[in-house]
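If you want the building blocks of each chain, they are given just below.
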Amino acid sequence: MSGFSLITDQDIIKGFCTDSSNYPGHAEALIRPKSTAEVSEILKEANSKKIPVTAIGNRSSLTGSAAAEGGWILDTSQMTKIIEINQGEKFALAEPGMMLSDFKKTILDEGLFYAPDPTSEKECFFGGSIATNASGSRTFKYGSTKKYVRALEVVLASGEILNIRRLNIEKNTFGYLPFQNMVDIFVGSEGTLGIITKAEVELLVKPENFFGGMAFFKTLSECLDFVVNVRKNLINQTPTITPRAVELFDHLGLDIIRPDSPFKIPANAKAAIFFEQEYTSDSNNGCEALLNNWLSFLESNKALVDDTIIAEQAKQQEELRRLRHKVPSSLFEEGGKYTKEGGGKISTDWSVPINRIHEIIDFAKKLKEEARIEDPVIYGHIGNGHPHYNFISKNAEQKKQILEVVHKTCKRVITLGGTIAAEHGIGKIKKDFMKYQYPESIIKSMKSLKQSLDPNNILAPGNIF
Amino acid sequence: MNIIVIIRQTPDTETKIKIGSQPNKIDPTGITWIINPYDEFAIEKALKIKEQIGTDGVETHCSVSLLACGPQRTEESIRQGLAMGADRAVFIKDDSLEYADPYVISKLLASELKNMQYDLLLSGKKLIDIESSQIPIFIAEELGLTHVSFVMKFTGIDAANKKITCDREAEGSHEIIEVSLPALITCDRGEDFPRYASITGIMKAKKKEIKEITVSKEEIEKFGQRTEIVSFDLPLSRKEAKIFEGEIPEKVSALVKALREEAKVI
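First to last, the sequence lines map onto chains A and B. All residue numbers for the first sequence refer to the numbering used here, where the first residue is 3 and numbers rise by one. All residue numbers for the second sequence refer to the numbering used here, where the first residue is 6 and numbers rise by one.
For reference, chain B alone in the conformation it holds in the complex:
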C-alpha cells in the first residue's frame, strides 16, 4: 500500500504573531516553524497503518511518502516527518508560495499527485494558522477521489481488498465509514500522540530522498489565486481585570456595587 501524507508548515502554537510592515503579511522574525499539528497526526496515523500492515501477514509492503509545498524553510519540517519514520518525500519548492492561496496550493499538489502512485492520501483536518480546511478537499475534487473528513482513527485496514474503515465523531456519536481506496482522508487527533523522532531516525532521515520540484512563477500564476489576504488584525486584547483593594468586607461591597452599577448583571 502506498500512502502519501500531504503536509504544510505553520508557526509553532507558542509563537507570538506580529503583523509585518505590510498589513497582509506577518512578520517572520522569531517564528519557529513546525509541521501543521493536524498533518502531524496524519503522519502518525500513516505510520501506524504501515506498522499494522507490516505485521498482519497479508501484505508486507507499505510505504509512507510526504508531499509538501512551500518556501525553502519547509524542508526542515519534511526532515522531521522523515525522522518520525516516513520513507521519502516530494517537495514543491518556491519562495513565492509563502502566501499562495489554498486553491493554488491544491492545484499544484494535485498536479504532482497525478504523477505519483498512491492508494491512500492523508492530511490534517485543517491548518492551524489560517484555520483553513480547503486544500485536501480541493485535491480530492481535482483528482476525483472519495473524501472523508475529520477522521479520528482507522478501525480496519483491508490492504488486500483496498478498503479502509474510518471512525469520526458526529454530533455526540461516532460515524463508522468504510471507504474503497484510493481515497483522501483528513485527520483529527483521535488518540494519537505524534511519535517523537528517535536519534537513529533523525540520522536516517538525513539520507532519505527528498525529490524537489521547482515551479515557475508562470505556472503558479496560471492557476490564478481565488482569494487574497487583504490584511491581518491581531485579536483584541482582553480588558484588564479589575482588582478590588482593601479588607474582605470592603472588597465584597465594591464587587457587588460594580456588578450592579458597571456590569449591570445583578
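Looking at chain A on its own, in the form it has when it is part of the complex:
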C-alpha cells in the first residue's frame, strides 16, 4: 500500500455515505488526503485497481452526487488552507476543504468580497461549491460560482495534476467553444472529471452597505408581477431599484417561518419577497434615495407597503437570511420522516426565463390539482426565474405520483426555454431528466468527454450518467 491510509471501519464510514438528498450511498473506505500530491497518489492507486472514488465535499448536495456508490470516499476536510489573498489583483487561492462561509468571512475581514452565496454556505465546502457551480440568492446580481473561478488545480483520474487558467481575453476562436475555457469543463462537473485541489477565485470590492427587506403580497400572482417588473426595471438605462437578491416565499413558506419570525407576517399575505439592496454614500445611490425608490416601486406593484419591513442592522439582516434558510432545512427534516416508507422530500430545481414564470407556475398548479397531490412549498430564487418546489411524499405511491407531475413540469420547462437543474446539478437522482434537455447525440458527446478523462469510470460513478 502507498503512503496514504484508508479508514475501513464501517461505523465511521457510514456517517459519510449520504448527503442532503438522503440518497443511500455505501463505500469500502474513507480517505482524508492532506495535499494535492496525496490526492494524486490516491487516484493513481484507485485507477490502477479500478476502484471508484467519490469526492464528497461537505455532503450538502441535494441530488445524491456526494453519496458514494462503492469504492473510496474522498474527504477533503483536511485541505483547508487559504494560500493567498491578493489585495492588488483581487483574487484568493485556496484549498477545497474550508467551509464556504469561513472562507467568505476571512475574505470579508480583509475588506474584500467573494460573491457566490449558496443557501448552504455554512454547510458546504469551498471546493464543493466550485464542483457544483453553486449559486444562491445574490446570484440575481452577481451570477453563479463559475463567473468567479479564475484558475484550478485538478487531479485527473490518472493522477495527473492539471493546472488550468481562464483566459483573460475578449476574443478566442481556437477550438470548440465549450473547451476554450478549460476551467469551465471542471466547474460544475460534480466530481466526475477530476478532483479540485486548489482554486483561484476572483474577489470584488466589499459593497459599502446594504439593507435587507421583506415585502408581502395578497396573491402569488401579484408577487410574480412584481418580480417580472423588477427585471424590466433593471433593463432601463437608470433603474430605480437594483436588488442583489429577490427571493420568494409562498404562503406555505410563510407558514414555516411565521412561528419564530421576529417581525409580523400579515395574516392576509399569501406570498412575500425577501430582497437585499446595496447602497453607497453617494446621494443618488444612498440609503434614503433607494428606500424612496423602493417605496414607490412597491406601492405601484401592489405590495402591502405598511407591512414591508426593512433590516438595516447586521443582526436583522442575518436573521432574514436565517429565515430564508429555515424553509429548505425544515422541509429536509420533514421529508426525512418518510424515507423509511419510501417517501421523502422531492425538490425541483428548474428555472425559466422570467417572462415565462407565470405560465410555468400556472401549468404546475394545474398538474398538481389534476393529480390531487398535496400543495408543494414554493420558495427561492424567483428573481432568476428559479423557484424551488418542495413536495413531501409520505410513501412510495405518493412519491411516484409527485415524480410524474415533476417530469411533466420539466418537459414544459424545456419548451419555455428553461433548464431542469439551475443549481443543484444532476447527481444520481436527476439522470432520467437529461433526455428532456439534451439530444441523444449531445449526451453521447458528454459521455465521450467523461470516458476520455476517466476511462475506467472511477470518479464519482453514478453521477450525471
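These are calculated hints, taken from the structure and not from any lab test. Hints may be right or wrong, so weigh each one.
One side only, chain A facing chain B, incomplete, derived with CB under 7 Å [as the list claims (entries may be wrong)]: (1) Pro264; (2) Phe265; (3) Ile267; (4) Val307; (5) Thr310; (6) Ile311; (7) Ile312; (8) Ala313; (9) Ala316.
Lysine-lysine pairs mimicking BS3-like chemistry, simulated, CA-CA at most 27 Å apart [said to hold, decoys possible]: (10) A:Lys148 / A:Lys433; (11) A:Lys92 / B:Lys21; (12) B:Lys211 / A:Lys304; (13) B:Lys21 / A:Lys83; (14) A:Lys107 / B:Lys23; (15) A:Lys317 / B:Lys21; (16) A:Lys266 / B:Lys256; (17) A:Lys36 / B:Lys256; (18) B:Lys244 / A:Lys107; (19) A:Lys148 / A:Lys200; (20) A:Lys317 / B:Lys158; (21) A:Lys304 / B:Lys212; (22) B:Lys213 / A:Lys317; (23) B:Lys21 / A:Lys208; (24) B:Lys211 / A:Lys266; (25) A:Lys36 / A:Lys124; (26) A:Lys16 / B:Lys256.
Computed list of chain A residues with no C-beta within reach of chain B, every gap over 12 Å [claimed, not checked]: (27) Lys124; (28) Ser160; (29) Phe213; (30) Tyr440; (31) Lys446.
Please read all numbers here as calculations on a predicted model, not as lab measurements. For every residue, glycine included, the Cβ atom is placed at its ideal position computed from N, Cα and C.
Take the given structure of chain A and dock chain B to it, following the hints.
Coordinates of chain B only, in the frame set by chain A:
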C-alpha cells in the same frame, strides 16, 4: 399616557473593538453604532403599551418619546427608534459627551426630564458596552421617582388609575410588582423581539421632530465627573487548542498523557 424611553448608542455586538491611540479610548474606526439592545427592548415595550392603550377603550392617547444624550452620531439611532414607531425625540447633543461618565449623563438627562411631561420612564437594564446599569437609577434618584429594575414584561397597564404591573425574574421565581406612576423602569428582554422598522415607518421617521438641546462645556463640567476611565484592556485571548495528530490509538494515548502530566486533571 406619556412614555419616555431613555436610549443610548453602543457599538454593534459584532464590532471588533480596538483600543485607540490613547489607552482610555477605543478606536472608533469601523465601528457600527446601534441602539443599546436593552434600550431597544424598552422601546419595544413602550410601543406595545401604546398599542394596548390604543385598543383598550379607556384612554386612546399614548405617546412615546425618546430621550438621548451623546455625540452627533447618536442621531442615527434616534431615527431608528422613530422608525420603529416612537413619536418624537429629544436629543442632548455634544461631541464631548462621548466619554462622559454615567453620573454626568444622568444629571444632564434628569435636568431635561424636569422640563418634560411623563408618566412612565423606560430604559434598558444596562449598557452593553461598559456593562453599566447606573444611568436610569441615578435619574430615578435625581427625580425622586419609584424605580423597578430588570423588568421582563408588563402584565397590567391601568392608564386611568396610573398604575402598571411589572414582572421580573428573581432567583428562579417571578416577582410581580404593581407601581404607581410616574415611575422609572429598566427593561430586560423578556419575550420581546424589537420590531423591524417598516419602509413607511422609516420614511415617516425622517419627518418626525427631534428637538436638539445643546449644552455648553461649562454645563457639562459643572456636574463633575465622578469616575474616570483610566485604560481599556482587551480580554486575554484564549490559549490555542492542542490538536493531537496520528492514528486514533496514538491520539488517545497522547491525550491521556497530556491530561495527566500537563493539565494534571487525572
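Tested hints:
Interface hint at proline 264 of chain A: satisfied, since its Cβ lies 4 Å from the closest Cβ of chain B, which is below the 7 Å cut-off. With 7 Å as the threshold, the beta carbon of phenylalanine 265 of chain A comes within range of chain B, its nearest partner Cβ sitting at about 4 Å, so the hint holds. The interface hint given for isoleucine 267 of chain A is violated, since its Cβ lies 11 Å from the closest Cβ of chain B, which is over the 7 Å cut-off. The restraint placing valine 307 of chain A at the interface with chain B holds, with a minimum CB-CB distance near 6 Å, inside the 7 Å limit.
The interface hint given for threonine 310 of chain A holds, since its Cβ lies 5 Å from the closest Cβ of chain B, which is under the 7 Å cut-off. With 7 Å as the threshold, the beta carbon of isoleucine 311 of chain A comes within range of chain B, its nearest partner Cβ sitting at about 4 Å, so the hint holds. Interface hint status for isoleucine 312 of chain A: upheld, as the beta-carbon distance to the closest one in chain B is roughly 5 Å, under 7 Å. With a cut of 7 Å, the hint placing alanine 313 of chain A at the interface with chain B holds, because the nearest CB-to-CB distance is about 6 Å.
Taking 7 Å as the C-beta cut-off, the interface hint given for alanine 316 of chain A holds, the closest approach to chain B being about 5 Å. Between lysine 148 of chain A and lysine 433 of chain A the CA atoms are separated by roughly 22 Å; this keeps the pair inside 27 Å, and the hint holds. The straight-line distance between the Cα atoms of lysine 92 of chain A and lysine 21 of chain B is roughly 24 Å, inside the 27 Å bound, and the hint therefore holds. Annotation: proposed proximity of lysine 211 of chain B to lysine 304 of chain A holds, straight-line Cα distance about 24 Å (limit 27 Å).
Restraint check for lysine 21 of chain B and lysine 83 of chain A: satisfied, since their Cα atoms lie roughly 24 Å apart, inside the 27 Å limit. Annotation: proposed proximity of lysine 107 of chain A to lysine 23 of chain B holds, straight-line Cα distance about 19 Å (limit 27 Å). The straight-line distance between the Cα atoms of lysine 317 of chain A and lysine 21 of chain B is roughly 15 Å, inside the 27 Å bound, and the hint therefore holds. The straight-line distance between the Cα atoms of lysine 266 of chain A and lysine 256 of chain B is roughly 52 Å, outside the 27 Å bound, and the hint therefore fails.
For the suggested pair lysine 36 of chain A and lysine 256 of chain B, the alpha carbons sit about 18 Å apart, so the restraint of at most 27 Å is met. Using a Cα cut-off of 27 Å, the hinted pair lysine 244 of chain B and lysine 107 of chain A holds, with the two alpha carbons roughly 22 Å apart. Of the supplied pair hints, the one linking lysine 148 of chain A and lysine 200 of chain A holds, its CA atoms being roughly 15 Å apart against a limit of 27 Å. Between the alpha carbons of lysine 317 of chain A and lysine 158 of chain B the distance comes to roughly 23 Å, so the proposed pair stays at or under 27 Å and holds.
With a C-alpha separation of about 25 Å, the suggested pair lysine 304 of chain A and lysine 212 of chain B falls inside the 27 Å cut-off, and the hint holds. For the given pair, lysine 213 of chain B sits about 25 Å from lysine 317 of chain A by alpha-carbon distance, which is consistent with the 27 Å threshold. With a C-alpha separation of about 17 Å, the suggested pairing of lysine 21 of chain B with lysine 208 of chain A holds against the 27 Å cut-off. Restraint check for lysine 211 of chain B and lysine 266 of chain A: satisfied, since their Cα atoms lie roughly 23 Å apart, inside the 27 Å limit.
With a C-alpha separation of about 22 Å, the suggested pair lysine 36 of chain A and lysine 124 of chain A falls inside the 27 Å cut-off, and the hint holds. Only pairs whose Cα atoms come within 27 Å are accepted, and lysine 16 of chain A paired with lysine 256 of chain B is accepted, the gap being roughly 22 Å. No beta-carbon of chain B comes within 12 Å of the beta-carbon of lysine 124 of chain A; the shortest separation is about 16 Å. At roughly 30 Å from the closest C-beta of chain B, the C-beta of serine 160 of chain A stays outside 12 Å, upholding its exclusion from the interface.
At the 12 Å boundary, the C-beta of phenylalanine 213 of chain A falls inside the reach of chain B, the nearest C-beta of that chain being 9 Å off. The claim that tyrosine 440 of chain A is not at the interface with chain B holds, since no C-beta of that chain comes within 12 Å of its own (minimum 45 Å). Annotated as non-interface, lysine 446 of chain A keeps its C-beta farther than 12 Å from every C-beta of chain B; the closest such distance is 46 Å.
Hints 3, 16 and 29 from the earlier list are contradicted by this structure; the remaining hints agree with it.
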